[in-house]
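Student: Now for the letters of each chain:
There are 2 protein chains.
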Amino acid sequence: MDAKTLELIILPAGLLAVLFAIYLARDVLRRDTGTKEMQDVAGTIFEGAVAFIRRQYSTIAALALVGAVVIAAVISAFETKEVADTNIFGVELGIRTGLAFLVGAACSMASGIIGMYISVKANVRTAAAARRSLVEAVQVAMRGGAVSGFLVVALSLLGVYGIFVTFGGFTHPEQAPFLIVGFGFGASFVALFAQLGGGIYTKAADVGSDLVGKVEAGIPEDDPRNAGVIADLVGDNVGDCAGRGADLFESTAAENIGAMILGVAVYTIAKNAGWANPEAWIFFPLVVRAFGLISTIVAIFFVRGREDENPMHMLNRGYWVTTALSVVGLAITTNVMMQTGGQLGANGTPAWIWFFGAGVVGLATSVAFVYITQYYTSGSYRPVREIAEASRTGPATNIIAGTAVGYETTLATAITIAIALFVSHFLGDQAGIKNADGVNVGGVFGTAVATMGMLMTTAYILAMDTFGPITDNAGGIAEFSRAEAGAREITDRLDAVGNTTKALTKGYAIASASLAAFLLFSAYIDKVNLILGRQIAAGKEGVHLLTSVNLANVNVFIAGLIGAMLVYFFSSLAIRAVGTTAQAIIVEVRRQFREMPGIMDYSVRPDYARVVDITTKAALRQMVAPGLVAVATPIIVGVLLGYEAVAGLLMVGTIAGVLLATVLNNGGGAWDNAKKYIESGHLLDAAGNVLGKKTDAHAAAVVGDTVGDPFKDTAGPSLHVLVKLLATITLVLAPLFIR
Amino acid sequence: MDAKTLELIILPAGLLAVLFAIYLARDVLRRDTGTKEMQDVAGTIFEGAVAFIRRQYSTIAALALVGAVVIAAVISAFETKEVADTNIFGVELGIRTGLAFLVGAACSMASGIIGMYISVKANVRTAAAARRSLVEAVQVAMRGGAVSGFLVVALSLLGVYGIFVTFGGFTHPEQAPFLIVGFGFGASFVALFAQLGGGIYTKAADVGSDLVGKVEAGIPEDDPRNAGVIADLVGDNVGDCAGRGADLFESTAAENIGAMILGVAVYTIAKNAGWANPEAWIFFPLVVRAFGLISTIVAIFFVRGREDENPMHMLNRGYWVTTALSVVGLAITTNVMMQTGGQLGANGTPAWIWFFGAGVVGLATSVAFVYITQYYTSGSYRPVREIAEASRTGPATNIIAGTAVGYETTLATAITIAIALFVSHFLGDQAGIKNADGVNVGGVFGTAVATMGMLMTTAYILAMDTFGPITDNAGGIAEFSRAEAGAREITDRLDAVGNTTKALTKGYAIASASLAAFLLFSAYIDKVNLILGRQIAAGKEGVHLLTSVNLANVNVFIAGLIGAMLVYFFSSLAIRAVGTTAQAIIVEVRRQFREMPGIMDYSVRPDYARVVDITTKAALRQMVAPGLVAVATPIIVGVLLGYEAVAGLLMVGTIAGVLLATVLNNGGGAWDNAKKYIESGHLLDAAGNVLGKKTDAHAAAVVGDTVGDPFKDTAGPSLHVLVKLLATITLVLAPLFIR
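The listed protein sequences derive, respectively, from chains A and B. Going by my numbering, the first residue of the first sequence is number 1, and it counts up by one from there. Going by my numbering, the first residue of the second sequence is number 1, and it counts up by one from there.
Misleading hints may appear alongside valid ones.
The list cannot tell twin chains apart, which means a pair is met if one copy fits it or any two copies do.
To be verified - Only pairs whose alpha carbons sit at most 27 Å apart, straight line, appear in this in silico DSS-like list of lysine-lysine:
1) Lys540 / Lys693
2) Lys214 / Lys694
3) Lys434 / Lys121
4) Lys81 / Lys693
5) Lys121 / Lys81
6) Lys81 / Lys434
7) Lys434 / Lys4
8) Lys81 / Lys36
9) Lys694 / Lys36
10) Lys694 / Lys4
11) Lys434 / Lys36
12) Lys540 / Lys214
13) Lys214 / Lys693
14) Lys694 / Lys540
15) Lys36 / Lys271
16) Lys540 / Lys81
17) Lys121 / Lys4
18) Lys214 / Lys617
These are computed hints drawn from the structure, not numbers from a lab. Keep in mind it's a predicted model, so treat the numbers as computed, not measured.
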């Protein structure tokens with residue numbers, strides 16, 4: 001088989017994944033929707049979620065339209081004929097980039113909306129299935145989640161492929177990747193606001209309704225008397241499902257485009273050397289992604305097991321099938337597409353073997369993060385237990401212990417990323433691919449292949465992630481509709497597994513963002529040099545190619561400092577937004593308790609819709625400031641300090657963002673599970689009595705859990721997106737930073 | 001006056017400051033020591049402090065001896081004759097560097113020990129003075145603090161000057177700065193362990209005795225029935241006084257040496273161009289420091305005022321006098337020492353004017369940080385009030401609001417540092433001093449002058465800092481000895497001012513560390529190039545000078561990632577150490593309450609000494625792990641990834657460390673003052689009633705205060721030292737990283 005044949009797989013694989021998502025959606029939708037009470041609650045959740053998503057995406061769409069116009073104008077003004085050596089420049093290039101931005105934004109929104117639609121339909125069906133069978137409930141939730149997973153990855157693949165081909169991918173494969181960067185920017189623009197808005201909504205509703213219900217009124221979580229409870233259930237969907245979907249849509253899109261830009265360097269070498277199918281080096285990321293989708297489709301059928309089995313094992317089985325098939329797909333792709341016309345790498349080994357190794361490093365990194373996240377956020381290991389123990393002496397020591405654990409998690413994260421980058425770069429280097437100046441370009445390409453390898457399992461990981469809010473909702477529906485104990489026991493088990501899968505996805509998102517960082521920097525440098533090269537060719541004086549991002553240059557250092565600061569300041573705004581929005585909810589629920597006294601004896605139904613509406617408005621208002629800060633900072637720094645400095649902002653900002661996200665995600669997850677650890681009766685006093693609910697230790701653990709909420713579900717995940725947004729924004733607006 | 005004459009000021013100014021410190025010490029010591037009860041408590045505190053310092057400094061001395069031997073061996077083995085172009089290399093250079101390390105360590109220990117000795121003598125005298133007069137109490141506390149301030153700065157100045165002259169500063173001024181880097185490393189080595197051990201001790205004692213006393217037994221803070229209370233009072237001295245003294249000793253030493261290394265570049269230019277007194281460019285930092293000492297001596301006499309005046313105004317008066325005199329000293333020094341033989345800078349302005357401007361930028365940065373810190377940590381402004389408001393809904397929202405405020409403080413910090421660096425670099429550039437290759441070396445030297453300008457006020461700032469633990473102790477002694485209400489009212493007012501001055505010093509320490517960072521990087525690059533230059537001259541193949549620290553190089557990026565991670569991991573260890581040590585205290589105090597029931601009715605005196613002893617042992621055990629991690633990480637990265645990568649670790653680690661320290665210091669300070677804001681009765685409920693002590697809002701604020709303790713007094717200040725240690729360790733061990 002040759003590379004041209006293998007490239008034919010992209011379109012069918014993407015379409016197959018969409019068809020499979022439709023099949024799964026139909027499978028889920030035709031299932032039993034449970035009792036009348038269940039349907040009632042589910043209907044209310046559905047309405048709230050749709051109302052939020054409609055308003056949120058209208059706002060985002062409006063912002064995206066403005067963004068597209070601005071981008072088109074900037075590109076039109078700065079990438080002029082004088083610096084162009086293609087027949088696309090100025091206004092035409094501006095309009096194309098603006099269009100690519102809009103298509104990226106639209107694809108991201110579409111996958112978010114459809115995925116969430118199925119998710120809020122799958123929740124009640126999971127609750128209903130839980131009345132009969134654990135395995136069936138797992139399957140409904142996982143298939144519902146997989147709709148989202150497949151749509152995200154398939155729309156990203158088809159979108160990038162479509163726009164690539166439209167913009168001349170077959171005729172000018174060496175130029176088209178640069179023309180489609182707008183797609184990635186559009187995707188990250190939407191992702192930023194989707195994650196921020198969803199994250200603020202979900203945690204404000206969670207914190208607000210818990211504080212006013214559990215703490216003030218003394219009624220249980222998810223109790224129907226709490227007017228905030230529906231907003232809380234809606235929040236699970238809009239944050240974890242739509243938000244994370246947009247996050248990973250952006251990852252797969254931006255990192256594909258970045259890898260294709262890096263592929264251009266190898267394409268040029270391959271073409272000059274006369275190797276067969278040089279464009280294979282550019283198409284490679286898309287083919288790998290296609291194999292990842294096929295692997296995931298097969299794996300979905302392996303999510304099965306016995307009624308008495310740990311549901312996590314069923315999900316893990318599918319994950320391992322995806323990973324194993326991905327290794328096979330990776331071997332085929334590298335073997336077929338990475339032909340070097342007989343030229344061998346180090347030790348006389350063919351080049352593709354080294355890149356295959358790099359891809360396996362990426363898959364292994366994904367597995368490593370799954371285990372690291374489990375170690376730090378599961379009650380079976382030291383960190384969570386340490387926090388639970390510290391709860392004995394009250395909330396202060398609980399917070400201190402949780403902070404120490406959160407900070408500690410950066411160790412394993414940084415070391416793993418460092419090893420993955422080092423090894424994949426080393427392996428790529430060994431392939432021995434040198435450009436005309438004798439520079440080995442394989443190293444950076446090795447990190448790109450590792451990123452592609454890692455992202456092969458995205459659809460499966462995302463299905464597991466959406467499993468989280470579906471089962472969380474199923475538990476809420478069961479509680480709310482006072483379902484039979486057996487069903488509630490099953491939904492509780494699934495909810496616990498869902499917490500783990502949500503944490504894993506965040507670890508995966510962080511790992512992919514950091515592994516991809518290096519490839520996106522390199523793409524930025526390639527793009528800058530493309531422009532500088534044109535200026536040099538046009539005879540402009542005093543222009544040199546960007547060969548180094550020199551931290552010892554004062555402007556680069558200042559920009560790096562601002563990049564690291566941006567990460568904190570952005571998180572500060574996101575965390576504060578949750579607090580402000582939660583206050584609005586507390587005020588409203590208190591008012592309902594006060595003015596509708598019948599609520600407490602169930603004689604009056606609280607006005608859920610009003611709380612949903614207030615939360616929606618507040619969350620959407622609060623998402624704007626952090627979003628604009630994230631977009632504006634790199635632009636201002638780039639314009640003031642230039643293109644080398646903005647690369648410093650990008651790189652140091654990425655390091656700082658990845659680490660702070662790790663701290664926030666894992667710290668929050670550990671606090672959450674320390675509370676669960678105590679609730680499960682694992683903490684004993686000196687006399688051997690269980691220190692469970694209603695003890696001071698539990699109250700202290702609840703404080704930690706509440707503090708962790710905006711960390712792990714608002715600021716942390718938003719930072720993943722911020723890091724990638726920095727990369728796409730600088731990639732698209734590079735011409736603005738060059739004078 | 002010529003530069004040679006001005007250089008003569010160094011030795012007399014240093015000696016004068018020592019004599020003045022002796023005068024102040026005698027003045028403090030001969031004052032009234034109050035009632036018998038006061039003397040009793042003070043005696044117990046004194047014993048505990050001496051016991052801790054003796055044990056701590058024995059441990060540190062042992063570690064320093066090992067460090068000196070290792071350094072001597074490494075330098076002997078790596079800086080061999082083959083790479084040397086002076087007559088000092090190999091074993092001789094190794095022994096000299098080891099000796100310089102020991103002298104630096106010894107000077108740092110001496111200033112810490114003596115300063116703390118006076119501090120624990122001044123506390124009771126301040127309490128006694130408070131029985132008579134506010135002004136007298138302020139003066140006793142400030143003079144006691146000034147002993148520490150003068151000794152730290154004078155010993156640093158005399159130490160650097162002495163070793164510089166001993167190692168040939170007069171005969172080979174261009175080589176001597178490189179020979180004395182060991183002094184700075186010795187100072188930062190001691191500072192790291194002094195700050196860690198002291199910081200762990202003070203906050204473990206504070207948190208531990210508060211939790212077991214206030215929370216469990218329900219007795220007030222500083223109540224004599226609490227067996228941990230003496231340990232708490234001892235802790236104020238060993239953490240804030242000895243720890244911060246070592247921190248700023250290290251700043252003044254390392255940054256002087258770094259500036260002298262940068263001066264070598266200008267010295268070479270000046271010598272080749274035949275400008276008068278070229279060595280003035282190297283001596284400059286020492287002369288500036290001497291003027292700073294003289295300014296501070298004068299300023300001490302301006303700390304006076306009326307009995308009804310806010311004590312903060314008296315301290316501020318002195319600070320402004322120091323700053324104003326420093327500007328004058330700076331003008332004289334730059335005018336006399338920065339002669340360029342008639343060559344003019346931009347706009348035909350003499351070079352010294354531009355450098356004078358850069359120095360003023362440094363002084364202005366110091367003032368800016370004083371105000372920024374006040375804004376974020378004082379109850380008069382939005383941030384602290386926001387945290388106090390959030391306390392209404394419990395500890396969780398208090399922590400969330402405090403975290404948001406802590407993260408937010410990075411904005412003003414980063415922007416101020418960015419502006420200071422940019423402007424001082426720009427001004428230095430304008431001086432138009434170019435080396436033989438036409439490279440403008442003035443910019444980096446401008447940042448060095450700014451740092452020197454900023455550090456002119458160190459002695460005064462440090463006196464204000466030590467004012468903190470002295471007044472804190474005076475308050476504790478008054479409470480403990482049940483002194484009359486008037487005295488307690490005065491000590492309470494002083495204590496509140498002391499909290500502010502402690503916070504200011506941390507802001508100052510952070511600002512100086514970050515402003516100095518750039519000069520220390522540049523010194524590292526100069527040192528590396530000195531070695532590489534020798535290798536090139538010796539005909540070694542494939543060696544190039546280090547002209548760029550390229551973040552786009554995968555090894556540099558990995559090292560940067562590890563540098564940023566180190567900051568979190570180190571903080572995690574430091575924070576956890578406080579928790580572990582506090583647990584040991586809680587167990588012991590509980591045991592005493594249980595086994596000695598007479599304690600509660602005052603009939604039995606608790607065994608304070610035992611708690612002091614337990615805290616001492618635990619704190620010293622806990623300081624080793626974070627200390628070794630900090631020392632080992634840059635060495636391992638440097639050996640594995642090389643000299644350019646370790647520069648990446650240094651720079652990104654500095655950015656990350658400065659920002660995290662800002663978050664921890666200001667967040668902790670804001671939590672502390674939010675509690676005080678509520679205690680002062682500023683928080684009202686909906687009906688207008690005061691929500692003060694014993695309300696839920698106050699309890700929530702106490703949680704925030706306790707969480708902030710290890711942040712602001714252990715991890716944050718230790719990070720200042722870590723950042724500078726990274727710079728000195730890489731500077732000394734550079735030969736190890738070059739192959």
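Student: Each of the hints needs a verdict: does it hold here or not?
Tutor: Hints and how they fare:
1. Proximity of Lys540 to Lys693 under the C-alpha cut-off of 27 Å is found in neither arrangement, the shortest distances being 73 Å within a copy and 71 Å between copies.
2. Proximity of Lys214 and Lys694 under a CA criterion of 27 Å is satisfied in both settings, with 11 Å inside one chain copy and 22 Å between copies.
3. With identical chains, the CA atoms of Lys434 and Lys121 are never at most 27 Å apart, being 53 Å at best within one copy and 71 Å at best between copies.
4. Taking identical chains as interchangeable, the C-alpha atoms of Lys81 and Lys693 are never at most 27 Å apart, the minima being 70 Å within one chain and 71 Å between chains.
5. When the C-alpha separation of Lys121 and Lys81 is checked against a cutoff of 27 Å, the pair qualifies neither within a copy, at 52 Å, nor between copies, at 77 Å.
6. Neither within a single protomer nor between protomers do Lys81 and Lys434 lie at most 27 Å apart by alpha-carbon distance, with minima of 31 Å and 38 Å respectively.
7. Taking identical chains as interchangeable, the C-alpha atoms of Lys434 and Lys4 lie at most 27 Å apart only when both belong to the same chain, with a minimum of 24 Å there against 58 Å between chains.
8. Taking the shortest Cα distances, Lys81 and Lys36 never come within 27 Å of each other, neither inside one copy (66 Å) nor across copies (89 Å).
9. With identical chains, the CA atoms of Lys694 and Lys36 are never at most 27 Å apart, being 33 Å at best within one copy and 48 Å at best between copies.
10. In this assembly of identical chains, Lys694 and Lys4 lie within 27 Å of each other by CA distance neither inside one copy nor across copies; the values are 66 Å within and 76 Å between.
11. Taking the shortest Cα distances, Lys434 and Lys36 never come within 27 Å of each other, neither inside one copy (68 Å) nor across copies (84 Å).
12. Taking the closest pair of Cα atoms, Lys540 and Lys214 never come within 27 Å of each other, the shortest separation being 68 Å inside a single copy and 73 Å across copies.
13. For a Cα distance limit of 27 Å, the shortest separation of Lys214 from Lys693 qualifies both inside one copy, at 12 Å, and across copies, at 24 Å.
14. In this homomeric assembly, Lys694 and Lys540 never come within 27 Å of each other (Cα to Cα): the closest approach is 74 Å inside a single copy and 73 Å across copies.
15. Taking CA atoms no more than 27 Å apart as the test, Lys36 paired with Lys271 passes in neither setting, with 66 Å inside one copy and 93 Å between copies.
16. In the homo-oligomer, the alpha carbons of Lys540 and Lys81 lie at most 27 Å apart inside one protomer (14 Å), although the nearest pairing across protomers, at 48 Å, exceeds that limit.
17. Within a single copy, Lys121 and Lys4 get their C-alpha atoms no closer than 41 Å, and across copies no closer than 85 Å, so neither meets the 27 Å cut-off.
18. Taking the shortest alpha-carbon separations for Lys214 and Lys617, only the intra-copy value of 24 Å comes in at or below 27 Å, while the best inter-copy value is 43 Å.
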